[in-house]
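Enquirer: Sequence:
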Amino acid sequence: MNKKAVLLWIIALLMLVACGGGGEPEADAPASTNDTSSSTAAEEEAEEEDSTSSDSEEMEEAPADTEEEAEEAPADEEAADEPEEETAVEEAPVEEASGGFGDRPMTGTDPETGLAINPDSVNPGDTFIVRGEIISMNLTPTTSPEFLIQSPDGLKFRLRSQDLAETFFEDGDQLQPFQYQLGILAQATATLAADASPSDIPTSDDLVLVKDE
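According to this note's numbering, the sequence shown holds residues 88 to 300 in order.
Just so you know, the hints here were simulated from the structure itself, not pulled from any lab data. A virtual CB, placed ideally from N, CA and C, is assigned to each residue, including glycine. Check the hints yourself; a few may be wrong.
[Claimed, not checked] Distance condition first, Cα-Cα at most 25 Å in a straight line; then the derived DMTMM-like pairs of lysine to aspartate or glutamate:
#1 K298 x E253
#2 K298 x E257
#3 K243 x E253
#4 K298 x E233
#5 K243 x D287
#6 K298 x D197
#7 K298 x D260
#8 K298 x E220
[What the hints assert, rightly or not] Derived DEER-like restraints, expressed as beta-carbon distance ranges:
#9 S286 x L202: 21 to 29 Å
#10 Q261 x D282: 28 to 36 Å
#11 F256 x S284: 29 to 37 Å
Using the sequences and the accompanying hints, generate a full structural model.
Expert: So, in structure tokens, the structure goes:
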């Protein structure tokens, strides 16, 4: 009986040892799992922080790029406006010579006769050329009509011309006294007498009418 009791006690001890040795690794397993979970959670948080930081940097850089584009846009618009200003200058109209006088000079000296054209002042004894528009006239008597002719630059010359019966257009056409009207172009070589008084006016014997074509 004592041997059986001892044998049972030994078997029970071995079983106890066997159960105790197998239980320790099982107790450690949850700890390892917890460690892995903690490590994984920490890594995920780190990745989320990196991702958030990266997104923040991209958002900060985006406004900067937008501001640079906004600053460049006005510069491009100014550059685009410059050619328009140059075009406007190039397209400015050029002043043309006065009406039917063509390329004949309206001021200065006549190249053929050497006479002054529409001079600024006239002194007794001066002979000069008048070219311009009739702005006033007195056709009575018709044998010595008076005309007030204005040059393109605004100078006015009053003169007495030859008989209307001897006055023609350059092409030979002639007007009747009642057909004369303001605005007709005229050209004349006029002379102020050397002994002229302040009330005297220049006279001409070659006044010719010019068609405004």
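Enquirer: Could you run down the list of hints and mark each one as holding or not?
Expert: So, going through the hints one by one against the coordinates:
| no. | hint | in the structure |
| --- | --- | --- |
| 1 | K298 x E253 | 17 Å, holds |
| 2 | K298 x E257 | 8 Å, holds |
| 3 | K243 x E253 | 24 Å, holds |
| 4 | K298 x E233 | 20 Å, holds |
| 5 | K243 x D287 | 15 Å, holds |
| 6 | K298 x D197 | 20 Å, holds |
| 7 | K298 x D260 | 10 Å, holds |
| 8 | K298 x E220 | 11 Å, holds |
| 9 | S286 x L202: 21 to 29 Å | 24 Å, holds |
| 10 | Q261 x D282: 28 to 36 Å | 34 Å, holds |
| 11 | F256 x S284: 29 to 37 Å | 34 Å, holds |
In this structure, none of the earlier numbered hints is contradicted; all agree with it.
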